[in-house]
Amino acid sequence: MIDAMVAGLAALLTPQALLFMFIGVVYGLVIGILPGLGGVVAMALLLPFTYGFETAATLALLLGAHIATIWGDSVTSILFSVPGSAKGLALCFDGYPMTKQGQAKRALAASATGALLGGIIGAIFLALCIPLIRPVILALGPSEYLMMALWGLTVIATFSEGSLMKGLTASVLGVLVAFIGMDVVTATPRFTFGSDFLMEGISFPVAMIGLFAVSEMMKLAIKGTPIVDRSLVKEESTVWQGVCDAFRHWWLVVRSSLLGLWIGVLPGVGASVAGLAAYAQAAQTSKTPERFGKGAVEGVIAPDATMGANEGGGLMPTLAFGIPGGESMAILLVAFIGLGVVPGPDMLTKNLDLVFSMVWIIVIGNILVTLIGLGITPWLARLPSLQANLMVPIVLSVCFVGAYATRGHIEDVLVAAVFGVVGYLMDKYRYSRANFVIGMVLAVMIERNLHISLTLYGRDFLLERPIALAMLAFVVITAALPFIRNWRRRKLAQAAGAQS
Amino acid sequence: MSRHAQENLASVLLLAVFAGVIVLCQDFGPRARMIPLPLAVFGIVLTLIQLAWHNFGSPENLQMDMISVHGPDVLTGDAPVVRASGPAWLREVKAYGMVGVLLALIFTVGVMPSAFLFTAGYFIVTRYCSWPLSLAYAAMLTVSLYLLFVVALEMQLYHGLLAPLFQ
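Here the protein sequences line up with chains A and B, keeping their order.
Sequential numbering from 1 applies to the first sequence in this note's numbering.
Sequential numbering from 1 applies to the second sequence in this note's numbering.
One thing to keep in mind: the hints can contain errors.
[As the list claims (entries may be wrong)] Here are the in silico distance ranges between beta carbons for each label pair:
hint : chain 1 : residue 1 : chain 2 : residue 2 : range
1    : A       : Gly375    : B       : Asn55     : 51 to 57 Å
2    : B       : His159    : A       : Leu47     : 26 to 32 Å
3    : A       : Leu18     : B       : Ala136    : 38 to 44 Å
4    : B       : Ala139    : A       : Asp196    : 32 to 38 Å
5    : A       : Gly338    : B       : Ile124    : 47 to 53 Å
6    : A       : Lys294    : B       : Ala139    : 38 to 44 Å
7    : A       : Leu463    : B       : Arg31     : 47 to 53 Å
8    : A       : Gly375    : B       : Cys129    : 27 to 33 Å
9    : B       : Ala139    : A       : Gln16     : 47 to 53 Å
10   : B       : Arg31     : A       : Leu164    : 54 to 60 Å
11   : B       : Val150    : A       : Gly52     : 22 to 28 Å
[As the list claims (entries may be wrong)] Here are the simulated DSS-like cross-link-like pairs (lysine-lysine), alpha carbons at most 30 Å apart as the crow flies:
hint : chain 1 : residue 1 : chain 2 : residue 2
12   : A       : Lys100    : A       : Lys491
13   : A       : Lys100    : B       : Lys94
14   : A       : Lys491    : A       : Lys234
15   : B       : Lys94     : A       : Lys428
16   : A       : Lys294    : A       : Lys491
17   : A       : Lys294    : A       : Lys234
To be clear, the hints were calculated from the coordinates, so they are not data collected in a lab.
Just so it is clear, the structure is predicted and the values come from calculations on it, not from any experiment.
The C-beta atom is built at its ideal place from N, Cα and C for all residues, glycine as well.
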């Protein structure tokens, strides 16, 4: 194993591999920052350029670009509340409030360092877990995936402060919107009104561009002030503060990274669920959960650490079984075919050096992204203080072009506009947009895995699957935890009031 | 419109949406409606509770945007000072109009020309800068978008409904 680790690193230390990784990282950062485009697009566009080069160099280009899109997504989520793709959503919850409080540098640095630490921890555990992972993956099925998705839903309570009814209503709406289109289980067109376009469903990135970016620009146009008015809110944070934050919350980083690795290992779950689940566990295990959603740095660190580690986890089913852990891993599989590499159990024995090359790419790619990220953070942090009259037309134009570019359907531009207005109204009447998107992201996964569980194991599928039952108990406990904690705090406050 | 009326209107709209979902679900098979139907019923229950809360609860408990409560000079916690002029409702209408104009431009002249026209127009209308500078900024943005999306990402452009007139 040590030999394979050394050979894997040596394959990456060629000028071609290092140059390709640098190009991939810079390219991935640019793509990640563009709304609507994420790691999948970045890798898909690079695919034609990957043939005829060294295997390690090709993988460095593809994986480097993919890793860089994670932080690219986080940048726009933190600075403008515009998630570049679904996985950047969790960064809006606390990153954007931090920006508005004059802590953009701290948030960006914490995000970059969190992703780096997550990536490294994920890669280390991936290397250690390679021999153990096969039986673990085989032990899990749709019922367990269903429980994972339900766990993601528990974050809803965090964003329902003030009105739980409105928070729940928003998530119900999100779930229903996700059901627009062809139901893959029963082949029934649902809520499509005979439209061919709606048969494909509502694209998550387009809906998010509308709900967050377009509605935020509408708010800016109405207010006429920048996101951060420097005459009122000074940028007092530093990059170093953010770096220290990530190290200070090392236990949160470790927990989030292991969660990301775990979710990455589960095929088809994806980084968007990972980010939300990480946010949920950070909020639920915090001693001060009331700070979440208002600019808690832990709310930035946890999702980024999870998404950093998620890439390593996603590699496992891709390499071990040829089952892609997500869309980006499916593209990696295509690249493998082009390179003549056959994924499967043999990858973990005969091609172990190549597997370790990928582990090293994750580590080196993350270091490169973080170094570049920390270097450009002071300049990026100035963007939210640009005048509203400059920001609004530029961001709106980019968002609508991005919405169109997502699938190449002009109708998506209309969808982005409609969701923009809906997002603005939801924000105005305090129906949580975050809950809406959480419902939307998790709905399909919940429905699909519920149907498969019912088909495979019948109505009592939980009794048939003890792991799923244990996970359900865990979901119930973690969902109840914030309420119990609040109740105890209120009791203590009442007792203190009675004594005084 | 009073805050109660606005909240009630929002709730009634939501009730209509959930009721519509229930009606549409009747055409689906038992499996296809297994989740949407109970969810829509749950949505109706939630909205009815919210509706009762609006009308019978304390006004202080309403979760409303302060822009509608205190008039044009006070906004949400985002920024304490408002520099935009005019009443709140007018600014809101302008924001809807802005999105509508960009949408109309995209559908009529296509994606890239609309980015140029909208950006230049916005700068000129809001007097952000002089019109030659507005045109220059808009041209820079459009060229950047073209290079990124069309040249680098090879996106197929939409040319708008007016395109056949020029072909």
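Is it true that glycine 375/A and asparagine 55/B lie within 51 to 57 Å of each other by Cβ?
holds, 56 Å
What's the verdict on lysine 294/A and lysine 491/A, does the C-alpha distance respect the 30 Å limit or exceed it?
OK: lysine 294/A and lysine 491/A at ~24 Å, within 30 Å.
Does lysine 234/A sit within 30 Å of lysine 294/A, going by the straight-line distance between their CA atoms?
Within the cut-off at roughly 18 Å; holds.
Confirm or reject the claim that lysine 294/A and alanine 139/B have a C-beta distance inside 38 to 44 Å.
The hinted range 38 to 44 Å holds for lysine 294/A and alanine 139/B, with Cβ atoms some 41 Å apart.
I want to verify a distance hint. Is the separation of the beta carbons of leucine 18/A and alanine 136/B within 38 to 44 Å?
The hint (38 to 44 Å, Cβ to Cβ) holds, given that leucine 18/A and alanine 136/B are roughly 39 Å apart.
Does 54 to 60 Å hold as the CB distance between arginine 31/B and leucine 164/A, or does it fail?
Violated: the Cβ-Cβ distance is about 30 Å, outside 54 to 60 Å.
For the pair supplied as a hint, lysine 94/B and lysine 428/A, confirm whether the alpha-carbon distance does not exceed 30 Å.
holds, 16 Å
Cβ separation of valine 150/B and glycine 52/A, checked against the hinted range 22 to 28 Å:
Holds - the Cβ-Cβ distance for valine 150/B and glycine 52/A, about 26 Å, lies within 22 to 28 Å.
Keeping to a limit of 30 Å between CA atoms, is the pair of lysine 100/A and lysine 94/B held or broken?
Distance of about 24 Å is within 30 Å: holds.
Falls inside 27 to 33 Å, the C-beta gap from glycine 375/A to cysteine 129/B?
Since glycine 375/A and cysteine 129/B have Cβ atoms about 31 Å apart, the given range 27 to 33 Å holds.
Do the Cβ positions of leucine 463/A and arginine 31/B conform to the proposed distance bound of 47 to 53 Å?
The hint (47 to 53 Å, Cβ to Cβ) is violated, given that leucine 463/A and arginine 31/B are roughly 21 Å apart.
Range hint compliance [Cβ, alanine 139/B to aspartate 196/A, 32 to 38 Å]:
The hinted range 32 to 38 Å holds for alanine 139/B and aspartate 196/A, with Cβ atoms some 36 Å apart.
Violation of the numbered hints given earlier is confined to hints 7, 9, 10, 12 and 14; the remaining hints are satisfied by the structure.
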